[in-house]
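Residue numbers (the working numbering), protein chains in the order written: chain A, 1 to 245; chain B, 246 to 573; chain C, 574 to 937.
Treat the hints as calculated values from the structure; they're not laboratory data. Glycine included, C-beta positions come from ideal geometry on N, C-alpha and C. Check the hints yourself; a few may be wrong.
Each pair of labels, with its calculated beta carbon distance range [to be verified]:
{"hint": "1", "chain 1": "C", "residue 1": "Glu620", "chain 2": "B", "residue 2": "Ala503", "range": "25 to 31 Å"}
{"hint": "2", "chain 1": "A", "residue 1": "Ser138", "chain 2": "B", "residue 2": "Ala440", "range": "33 to 39 Å"}
{"hint": "3", "chain 1": "B", "residue 1": "Val558", "chain 2": "C", "residue 2": "Lys739", "range": "36 to 42 Å"}
{"hint": "4", "chain 1": "C", "residue 1": "Pro581", "chain 2": "A", "residue 2": "Asp210", "range": "25 to 31 Å"}
{"hint": "5", "chain 1": "B", "residue 1": "Gly451", "chain 2": "C", "residue 2": "Leu780", "range": "29 to 35 Å"}
{"hint": "6", "chain 1": "A", "residue 1": "Asp210", "chain 2": "B", "residue 2": "Ala440", "range": "53 to 59 Å"}
{"hint": "7", "chain 1": "B", "residue 1": "Leu356", "chain 2": "C", "residue 2": "Ala611", "range": "55 to 61 Å"}
{"hint": "8", "chain 1": "C", "residue 1": "Tyr809", "chain 2": "A", "residue 2": "Asp210", "range": "54 to 60 Å"}
{"hint": "9", "chain 1": "A", "residue 1": "Glu121", "chain 2": "B", "residue 2": "Lys447", "range": "24 to 30 Å"}
In silico DSS-like pairs for lysine-lysine, Cα to Cα no more than 25 Å straight-line [claimed, not checked]:
{"hint": "10", "chain 1": "A", "residue 1": "Lys65", "chain 2": "A", "residue 2": "Lys80"}
{"hint": "11", "chain 1": "A", "residue 1": "Lys165", "chain 2": "A", "residue 2": "Lys230"}
{"hint": "12", "chain 1": "B", "residue 1": "Lys425", "chain 2": "A", "residue 2": "Lys131"}
{"hint": "13", "chain 1": "B", "residue 1": "Lys498", "chain 2": "B", "residue 2": "Lys425"}
{"hint": "14", "chain 1": "B", "residue 1": "Lys447", "chain 2": "A", "residue 2": "Lys142"}
{"hint": "15", "chain 1": "A", "residue 1": "Lys80", "chain 2": "A", "residue 2": "Lys17"}
{"hint": "16", "chain 1": "B", "residue 1": "Lys447", "chain 2": "A", "residue 2": "Lys114"}
{"hint": "17", "chain 1": "B", "residue 1": "Lys446", "chain 2": "A", "residue 2": "Lys133"}
{"hint": "18", "chain 1": "A", "residue 1": "Lys231", "chain 2": "A", "residue 2": "Lys165"}
{"hint": "19", "chain 1": "A", "residue 1": "Lys131", "chain 2": "B", "residue 2": "Lys447"}
{"hint": "20", "chain 1": "B", "residue 1": "Lys273", "chain 2": "B", "residue 2": "Lys411"}
{"hint": "21", "chain 1": "B", "residue 1": "Lys547", "chain 2": "B", "residue 2": "Lys498"}
{"hint": "22", "chain 1": "A", "residue 1": "Lys114", "chain 2": "A", "residue 2": "Lys80"}
{"hint": "23", "chain 1": "B", "residue 1": "Lys446", "chain 2": "A", "residue 2": "Lys142"}
{"hint": "24", "chain 1": "B", "residue 1": "Lys498", "chain 2": "B", "residue 2": "Lys411"}
{"hint": "25", "chain 1": "B", "residue 1": "Lys447", "chain 2": "A", "residue 2": "Lys133"}
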Amino acid sequence: MGEPILHVEGVHAFIGKHHILQGVSFEAREGQITVLLGRNGAGKTTSLRTIMGLVPPSQGSIRFKGEAIARLKPFEIARKGIGFVPEDRGLFNLLTVEENFRVAMLREDEMTRKRLEMIFEIFPDLQRFWKAKAGILSGGQKQMLAIARPLINPNELLLVDEPSKGLAPIVVEHLIEALHKLQAHTVVILVEQNFYMASRLGTHFYLFDDGRTVHRGPMEELLHDEEMKKKYLGISKTSSGGIQE
Amino acid sequence: MRPSSRPWLAKWIVVGIFLLPLLFIGLKTYITLTVSGLAMGMLFFLVASGFSLIFGFLSVLNLAHGALFAWGAYIGFTSFSLINRWTGWGGSESFLLNMAIFLSALIFSGLLVGLLGILTERLVIRPVYGSHLFQIFITVGAMIVLEELIRVVWGPDDEVMPVPLKFIGSLDLFDVVLSKYPLVAIGLGSAIYLAIHLILKKTRIGTIVRAGVENPEMVQVMGHNIYRYFTGVFAVGSALAAIGGGMWATFVKSIHPAMGGEVIVFALIVAIIGGLGSMTGSVIGALMVGLSYNYVAYLVPKGALGITMLLLVVILLVRPTGLFPEGT
Amino acid sequence: MKERGLTPVQAFRTRERKGRFTAPSFFLRILLLAFLGATPFLFRSFELTDVILKIIIFSTLVASYDILLGYTGIVSLGHVLYFGIGSYFVGIFMGRLGWVSYGPLLLAFALAVLTSGILSILIGFFSLRIRAIFFAMVTLAFMEFAFILASQLRTITGGDDGISFKLPGILSVEANFGRFGGIDLTGRIVSYYFILVVCFALFLMMLRFVNSPLGRVLLSIRDNEQRSIAIGYKTYLYQVMASTFSSCVAAITGGCFAIWVRYVSPESSLSVPIMLDVLLMVIVGGMGTLYGGILGAAFLMTTRAFLPKIQGIVTSLLPGMPWAIRFSERWLLFFGLLFILIVYFFPKGILGTVQERFERKRET
Numbered sequence: 001m002g003e004p005i006l007h008v009e010g011v012h013a014f015i016g017k018h019h020i021l022q023g024v025s026f027e028a029r030e031g032q033i034t035v036l037l038g039r040n041g042a043g044k045t046t047s048l049r050t051i052m053g054l055v056p057p058s059q060g061s062i063r064f065k066g067e068a069i070a071r072l073k074p075f076e077i078a079r080k081g082i083g084f085v086p087e088d089r090g091l092f093n094l095l096t097v098e099e100n101f102r103v104a105m106l107r108e109d110e111m112t113r114k115r116l117e118m119i120f121e122i123f124p125d126l127q128r129f130w131k132a133k134a135g136i137l138s139g140g141q142k143q144m145l146a147i148a149r150p151l152i153n154p155n156e157l158l159l160v161d162e163p164s165k166g167l168a169p170i171v172v173e174h175l176i177e178a179l180h181k182l183q184a185h186t187v188v189i190l191v192e193q194n195f196y197m198a199s200r201l202g203t204h205f206y207l208f209d210d211g212r213t214v215h216r217g218p219m220e221e222l223l224h225d226e227e228m229k230k231k232y233l234g235i236s237k238t239s240s241g242g243i244q245e
Numbered sequence: 246m247r248p249s250s251r252p253w254l255a256k257w258i259v260v261g262i263f264l265l266p267l268l269f270i271g272l273k274t275y276i277t278l279t280v281s282g283l284a285m286g287m288l289f290f291l292v293a294s295g296f297s298l299i300f301g302f303l304s305v306l307n308l309a310h311g312a313l314f315a316w317g318a319y320i321g322f323t324s325f326s327l328i329n330r331w332t333g334w335g336g337s338e339s340f341l342l343n344m345a346i347f348l349s350a351l352i353f354s355g356l357l358v359g360l361l362g363i364l365t366e367r368l369v370i371r372p373v374y375g376s377h378l379f380q381i382f383i384t385v386g387a388m389i390v391l392e393e394l395i396r397v398v399w400g401p402d403d404e405v406m407p408v409p410l411k412f413i414g415s416l417d418l419f420d421v422v423l424s425k426y427p428l429v430a431i432g433l434g435s436a437i438y439l440a441i442h443l444i445l446k447k448t449r450i451g452t453i454v455r456a457g458v459e460n461p462e463m464v465q466v467m468g469h470n471i472y473r474y475f476t477g478v479f480a481v482g483s484a485l486a487a488i489g490g491g492m493w494a495t496f497v498k499s500i501h502p503a504m505g506g507e508v509i510v511f512a513l514i515v516a517i518i519g520g521l522g523s524m525t526g527s528v529i530g531a532l533m534v535g536l537s538y539n540y541v542a543y544l545v546p547k548g549a550l551g552i553t554m555l556l557l558v559v560i561l562l563v564r565p566t567g568l569f570p571e572g573t
Numbered sequence: 574m575k576e577r578g579l580t581p582v583q584a585f586r587t588r589e590r591k592g593r594f595t596a597p598s599f600f601l602r603i604l605l606l607a608f609l610g611a612t613p614f615l616f617r618s619f620e621l622t623d624v625i626l627k628i629i630i631f632s633t634l635v636a637s638y639d640i641l642l643g644y645t646g647i648v649s650l651g652h653v654l655y656f657g658i659g660s661y662f663v664g665i666f667m668g669r670l671g672w673v674s675y676g677p678l679l680l681a682f683a684l685a686v687l688t689s690g691i692l693s694i695l696i697g698f699f700s701l702r703i704r705a706i707f708f709a710m711v712t713l714a715f716m717e718f719a720f721i722l723a724s725q726l727r728t729i730t731g732g733d734d735g736i737s738f739k740l741p742g743i744l745s746v747e748a749n750f751g752r753f754g755g756i757d758l759t760g761r762i763v764s765y766y767f768i769l770v771v772c773f774a775l776f777l778m779m780l781r782f783v784n785s786p787l788g789r790v791l792l793s794i795r796d797n798e799q800r801s802i803a804i805g806y807k808t809y810l811y812q813v814m815a816s817t818f819s820s821c822v823a824a825i826t827g828g829c830f831a832i833w834v835r836y837v838s839p840e841s842s843l844s845v846p847i848m849l850d851v852l853l854m855v856i857v858g859g860m861g862t863l864y865g866g867i868l869g870a871a872f873l874m875t876t877r878a879f880l881p882k883i884q885g886i887v888t889s890l891l892p893g894m895p896w897a898i899r900f901s902e903r904w905l906l907f908f909g910l911l912f913i914l915i916v917y918f919f920p921k922g923i924l925g926t927v928q929e930r931f932e933r934k935r936e937t
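Looking at chain A on its own, in the form it has when it is part of the complex (with noise of 0.2 Å):
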């Protein structure tokens, strides 16, 4: 637990004429699974983007293992070792789930089919599909390759986009098991909407409200503050202890 892999402070960005971040600043370390919480148009998705390079920051920094990359283009980003799940998965749904790995891997070597070997031991479905056409996979079995896919290269860090959106809750439990298991390659940040999910994976924590990041902490401070879950999130206990939101 020494200094955090990613280190993003006091960054702004727009898209056209928006200004969508107005100061956002967070971390994150190895060992952690870092979520992103807030409420739809918050900015968790484009300060995912904005570290990718996808939208580029008018002001502020982040810095990756001590790199400055808020300059850099997104390919360059990538090659620095970020990868990138977006909201949508990105997949390449013509090509085969073998091709959608070889347009992520950066070089094939020895490293590459060991990585493999981890990937299929997660998610054994990937396997099995292999040489089958992306488009034709199942909701689930595409955010599994979506998550898989940038896992070929050696990337410390994984961002990852409202992975459980629109997935089954018996999907969303394989989720939360593979994500567990990354936790040990990987550090994550995670931007969900399902509060469950955020809450049985992430282990910190940052709220988002309009722009900007408004309050931090360890996950288990979160789960019982009922006033700034109300607040930021729009979740509330109802009186018979169950979650609605």
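Assemble chains B and C onto chain A, guided by the hints.
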């Protein structure tokens, strides 16, 4: 919205185009027409495929594509004349030497226009990525400039395109007349299609290009400098147009500075029918247009263009996005 | 019922309307009109009058295209099709059918407008089903098709050679009403004023159209189609209306053009180069500003008329190398380069960019 995959429709139309004319035309004429139709189709394919690939991968509408086609024809013309002056292979009795000079001229033309394409992409296309409207505008300007440059370098008049000796004339096979050059065109065109197909399907670069047609942003996110690929694909597309230009010139035996404009409309129609961004679509679409044009031209001389437009309208009504989806 | 005065929208519009007759731009327009009206007398030379009239006709054509492109956001590359239809109806009626009198002339215009309107509705049907960029290419294909049709159907259209014809009564070349203000009042002059009046009327109509509530809806569709649909506008209907209106205007300008040159052929009324010209004019002048068409047309027509002359002088000064001579002869080349530069630096056209700068200054 319509379901996105109905390959059987394409097959039926192709079959229809192949078989229906048999009802009206004698078998021997039919074979002759089929050969010239396939050859014409192959030429359309070369031009349309470059355009389609560029649109599919870069999402760029390059209206200057026709001008690059014309440049290909002119460079092919000059290099052929030069090589011929040097070696005399063009007039030789040996089919192989004829082929050699022909291919050399084409390859040289392809390479040079490929470079021209790289230049065009860097200077003219890069600034307008993302806006189809401005692409139309600026490529129109580029088209004017390129066409005028042809007039500067070669002069504004038409030129006669030399044809290798052994390509002229026709074979008589069991009473069926087969023009020689169309056969060459079919062979060459098929070889090129096969080459592109294999590169796209089997090589890493090809796979990345196919991925980029679907989602260029994601390809970047995976660590590939997509801009380099853009330039490369643009160059290849331009080279294809150039080779198409050289071969087309040999087909019609003449070149003139405005020749790009004539062909671009056909290439456009082929690309739309086949589906922008699809190589398979370009081939099938091109063959359909080439064949139907030739059959109808024989039966109803003035109706040939009409059938092409009819085809376009029918496809647009039935499958507005074209026969094949992007990236196939 | 409104008890407390006007709604914000009404207030805005009233303010707008009040400013209309006092703004400096209004006086500029009156000046322009006066200038155009006096042209045959100011410039005794026929050549200049010819250039000016072509500017008038093409400004109107480009303005109609701007309604499509700049206001509704529809990218069509076959707009000149309607221009050609207008020209050909006049040409066929006057020339091929030989009905040289006023009635048939008006009939020709009416039929041209009707045909264009119906055609644009049919073609518009496609726009519902395909992406914008496909639509652009399809319209180009259709225009090419019409071009080839016109070239092939010799009996009706006179084929590639086209149709030369005479005009009826006061418009004909023979007519002469004596001298006035230093020039002969020939049928040509009458035609000039006829066309000027028609184009002026069309322009006013177009202005009315874009400044009407209908025009506003079009702008909203252009800016954010999804939103417009969400608010409840049947965007398709509005797009069809705009495109029909603009095609009818184009048809009338085509008829006017035929009257002026007394000749129609595929090359002069239906060809892709003319469409390119229109495109160039709309870009140079500015999209979304009808007046941009005037600027663009003026730019193109004057360059076309005078650049070859300047270049002739330049050529005579150059050494005798064929390349150098050919290079300087190709003024179109410089035009193309100039055009590319204009697109780079003035993406909204010259007028559009200027307008933007003014608006920005106004806000700060």
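Going through the hints against the structure:
1. Glu620/C x Ala503/B: 25 to 31 Å: About 27 Å separates the Cβ atoms of glutamate 620/C and alanine 503/B, which means 25 to 31 Å holds.
2. Ser138/A x Ala440/B: 33 to 39 Å: Since serine 138/A and alanine 440/B have Cβ atoms about 36 Å apart, the given range 33 to 39 Å holds.
3. Val558/B x Lys739/C: 36 to 42 Å: The hint (36 to 42 Å, Cβ to Cβ) holds, given that valine 558/B and lysine 739/C are roughly 38 Å apart.
4. Pro581/C x Asp210/A: 25 to 31 Å: Since proline 581/C and aspartate 210/A have Cβ atoms about 27 Å apart, the given range 25 to 31 Å holds.
5. Gly451/B x Leu780/C: 29 to 35 Å: Distance hint for glycine 451/B, leucine 780/C is violated at roughly 54 Å.
6. Asp210/A x Ala440/B: 53 to 59 Å: 55 Å Cβ-Cβ, so the 53 to 59 Å window holds.
7. Leu356/B x Ala611/C: 55 to 61 Å: At 59 Å between Cβs, range holds.
8. Tyr809/C x Asp210/A: 54 to 60 Å: Check failed, 37 Å falls outside 54 to 60 Å.
9. Glu121/A x Lys447/B: 24 to 30 Å: holds, 29 Å
10. Lys65/A x Lys80/A: Holds. Lysine 65/A to lysine 80/A sits at ~9 Å (cutoff 25 Å).
11. Lys165/A x Lys230/A: This hinted pair holds, its Cα atoms lying about 21 Å apart.
12. Lys425/B x Lys131/A: Not satisfied, since the Cα-Cα distance of roughly 43 Å exceeds 25 Å.
13. Lys498/B x Lys425/B: Since the Cα atoms of lysine 498/B and lysine 425/B sit roughly 14 Å apart, the hinted pair holds (cutoff 25 Å).
14. Lys447/B x Lys142/A: holds, 23 Å
15. Lys80/A x Lys17/A: violated, 30 Å
16. Lys447/B x Lys114/A: holds, 23 Å
17. Lys446/B x Lys133/A: The given pair, whose Cα atoms are some 13 Å apart, holds under the 25 Å limit.
18. Lys231/A x Lys165/A: holds, 22 Å
19. Lys131/A x Lys447/B: It holds: about 14 Å lies between the C-alpha atoms, which stays within 25 Å.
20. Lys273/B x Lys411/B: holds, 23 Å
21. Lys547/B x Lys498/B: holds, 22 Å
22. Lys114/A x Lys80/A: holds, 20 Å
23. Lys446/B x Lys142/A: The hint holds at about 22 Å.
24. Lys498/B x Lys411/B: holds, 14 Å
25. Lys447/B x Lys133/A: holds, 15 Å
Figure legend: structure checked against the earlier numbered hints; hints not met, in rising order: 5, 8, 12, 15.
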